[in-house]
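2 protein chains.
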Amino acid sequence: MSVLVVGSAALDSVKTPYGEVKDALGGSAFYFAAAASLFAPVKIVAVVGDDFPLEQLDFLKARGVDLAGLEIAKGKTFRWAGIYHPDMNQRDTLLTELNVFQAFSPKLPTEYRKTPYVFLANIHPELQIEVLDQMERPRLVLLDTMNLWISTALGSLKKVMARADVVILNDQEARQLTGEANVIKAAKAVTKLGPKIVIVKKGEHGAFLVGPQNFFTLPAYPLESLYDPTGAGDSFAGGLVGHIAAQASHDDAVLRRAMAYATVVASFAVEKFSVDRLRQIGKKDVEERFKRFSEMTQV
Amino acid sequence: MSVLVVGSAALDSVKTPYGEVKDALGGSAFYFAAAASLFAPVKIVAVVGDDFPLEQLDFLKARGVDLAGLEIAKGKTFRWAGIYHPDMNQRDTLLTELNVFQAFSPKLPTEYRKTPYVFLANIHPELQIEVLDQMERPRLVLLDTMNLWISTALGSLKKVMARADVVILNDQEARQLTGEANVIKAAKAVTKLGPKIVIVKKGEHGAFLVGPQNFFTLPAYPLESLYDPTGAGDSFAGGLVGHIAAQASHDDAVLRRAMAYATVVASFAVEKFSVDRLRQIGKKDVEERFKRFSEMTQV
Numbered sequence: 001m002s003v004l005v006v007g008s009a010a011l012d013s014v015k016t017p018y019g020e021v022k023d024a025l026g027g028s029a030f031y032f033a034a035a036a037s038l039f040a041p042v043k044i045v046a047v048v049g050d051d052f053p054l055e056q057l058d059f060l061k062a063r064g065v066d067l068a069g070l071e072i073a074k075g076k077t078f079r080w081a082g083i084y085h086p087d088m089n090q091r092d093t094l095l096t097e098l099n100v101f102q103a104f105s106p107k108l109p110t111e112y113r114k115t116p117y118v119f120l121a122n123i124h125p126e127l128q129i130e131v132l133d134q135m136e137r138p139r140l141v142l143l144d145t146m147n148l149w150i151s152t153a154l155g156s157l158k159k160v161m162a163r164a165d166v167v168i169l170n171d172q173e174a175r176q177l178t179g180e181a182n183v184i185k186a187a188k189a190v191t192k193l194g195p196k197i198v199i200v201k202k203g204e205h206g207a208f209l210v211g212p213q214n215f216f217t218l219p220a221y222p223l224e225s226l227y228d229p230t231g232a233g234d235s236f237a238g239g240l241v242g243h244i245a246a247q248a249s250h251d252d253a254v255l256r257r258a259m260a261y262a263t264v265v266a267s268f269a270v271e272k273f274s275v276d277r278l279r280q281i282g283k284k285d286v287e288e289r290f291k292r293f294s295e296m297t298q299v
Numbered sequence: 001m002s003v004l005v006v007g008s009a010a011l012d013s014v015k016t017p018y019g020e021v022k023d024a025l026g027g028s029a030f031y032f033a034a035a036a037s038l039f040a041p042v043k044i045v046a047v048v049g050d051d052f053p054l055e056q057l058d059f060l061k062a063r064g065v066d067l068a069g070l071e072i073a074k075g076k077t078f079r080w081a082g083i084y085h086p087d088m089n090q091r092d093t094l095l096t097e098l099n100v101f102q103a104f105s106p107k108l109p110t111e112y113r114k115t116p117y118v119f120l121a122n123i124h125p126e127l128q129i130e131v132l133d134q135m136e137r138p139r140l141v142l143l144d145t146m147n148l149w150i151s152t153a154l155g156s157l158k159k160v161m162a163r164a165d166v167v168i169l170n171d172q173e174a175r176q177l178t179g180e181a182n183v184i185k186a187a188k189a190v191t192k193l194g195p196k197i198v199i200v201k202k203g204e205h206g207a208f209l210v211g212p213q214n215f216f217t218l219p220a221y222p223l224e225s226l227y228d229p230t231g232a233g234d235s236f237a238g239g240l241v242g243h244i245a246a247q248a249s250h251d252d253a254v255l256r257r258a259m260a261y262a263t264v265v266a267s268f269a270v271e272k273f274s275v276d277r278l279r280q281i282g283k284k285d286v287e288e289r290f291k292r293f294s295e296m297t298q299v
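Heads up: the protein sequence lines correspond to chains A and B, in order. According to our numbering, the first sequence is numbered sequentially starting from 1. According to our numbering, the second sequence is numbered sequentially starting from 1.
Worth flagging that the hints you see were computed from the coordinates, not collected in a lab.
Pairs count within a copy or across copies, as identical chains cannot be separated in the list.
Result set (DSS-like, lysine-lysine): computed pairs, CA atoms no more than 25 angstroms apart in a straight line: (1) 291 to 185; (2) 202 to 291; (3) 185 to 202; (4) 188 to 272; (5) 61 to 283; (6) 158 to 188; (7) 188 to 291; (8) 185 to 272; (9) 61 to 284; (10) 202 to 188; (11) 15 to 185; (12) 283 to 272; (13) 61 to 22; (14) 284 to 272; (15) 61 to 107; (16) 107 to 159.
My request is simple: use the sequences and hints to build the entire structure.
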C-alpha cells in the first residue's frame, strides 16, 4: 500500500568533520521519501522554489515516487545550513532561510486523499492538522515533531497528536513534552495525549516503541564511520512507515521488524552526505543489513 | 563450574536523588559475588578491616559463596562516598579512604588456584598480574579496569590485558585506552592488545561484544526507576561470568545469553541501594526478567 508524506523540502549546506556539501537535497519530505520508497509507493506533498534543481529528484521518480503534490512556488527554496561538532552529537545551525516554505499550505491532490498511510513530518502542527482535514479515513497516521513546536505551538501540537496513531520523537523531545526525566515514563506519558503507539529515537543509542501491549527496544546499527547525521530521523521514519505500508499491517510482529528496518535505513542515511547513500542502495542492500542486524541483536 | 573474583571490598556512603545510605556493603568483589552467585559457585579474594560487619555477608554464605579468601586485616575497611547528580549519569566522589585496601596483596588459598573462571575486578593491574601468577591454567580469564589505571599504570595494564581472554570496560575507557573516538573502532583496537573478546558497557545505553567471529549488541533493560547506579558494572560482570561458568562454555550462543543475563542482573542492581536488590532476588526473578527482556529485543 502507499504512503503519503507531508514535510519540508530544502537545500542543505552541511559541514561535518568529514567534509561538506553546499545546496544538497534535504528536508524531511525528501529524506523520508528516499527511505520509504525502498519499501512502498510514496506520494509527496511539499513546496520548493523556482530555483530548485528538479533533476535531483530523478532517482525518486525512478523508484515510483509520486511528485504530483510537489508545489513549485515563485521564489527561493528553503535553505538550511549547519555545522556538526567533532563528536557529531551536536550541531550549530548557521542559517535558516524559510523562503517559499514560510507560506507553505499543504494542498493534497484529489488522488492523494485516500492514501492509507500518512506520515506528517516535522512541520508546524497547524499544517499537520490541515493535512489530516484533507484526508479520507487513512488507515494509520504517523506524526513527527520537534522542540520548537513543543515550545511555541503546544496547543496545536496536542490537538494533532490526539488525531495521530503513532507519534515519533526523540528522547529530549519526549522529556520536554511531558516533563518526565525518565524517558520510558516520558514515552508512556505521551501515549496519554492520544497516540496508541509512541516511538522514541535515541540517535546512536537506538530506539524503543511503547504501545498498549507492546514494548520493544533496539540498539542502533553499529557504525564505524558516520559522515553526516542530517536526516537520520526522517530516514528512520521512512524505513518504519515503508515497511508497515508494504505489509499493510501494524501488528506487533510487523512493528518489531519495522523498527529494525528503520534502524537499518537510518544507518545507511548517515554514511554519506544528503540522501546520497539512500540514492545508491537498493532493497537487496537493506535486506542484507537487516539480516546482519537481526543476528547482532539475537539473544 | 565455579568462579573466582578478586576485587575491592568496601563500605559505601552514597547519596542519590532518591535517598542515601551510610557504610553500606560495596566494592567490586561483593557486587560481583552477589550477582554471580545467582548462577554459579563463587570464591572471593578481597580484604576488609577488623571493623567490617561480617554478618552482612550471611546472604552470600547462604548462596554458597566461599569466603575463605576474604582476608580480615587489622585496621579500617576501605570506604568510599559519592553523590550522584540528578540525571544519575554523573557523580562526584566525596571520599576515598583506602585504609586496609592500600596494602592489599591478593593471596589465593591453595584450593582456589584451579578455579576455572577468574574475574579480575577493577584493582591495580599489578595486583591482577599477581592473581594470574597464582592460578593454574584457568579456562577463562575476564578482566575489568578503570580510567585511573589507563592514566597511571598503562604498561602493567597492557601486560595483564595480554593475559586476559575477555576485557570488559566502559565506552569512555575504551576510547581513552585506544585514542579511537568511535566506540566500535575502539573496541576492535582493544582486541589488538590481546583479549579475544572485548565487551563495552554503555550504562543506560546497553552494551556490545566484539570477538573474532562475534558481534553482538543489546540495549539496556528499560527501567522506570533507577535508585543507585553504584555497582552496576560489577553486577553486569557477575551476571555475565556467572552464566558462562554455569554453562561451562563461552561459545557464541552462550555469550549472547550471558550478555542478556548481565544486562538483566545489572538492571536489578540499580533498583535499590548497595546490594540490597541483588540480596532480595532469586534465580526465578532473573529468569522472568530475562524472558521479558528477550521478548522486548526480539525483532
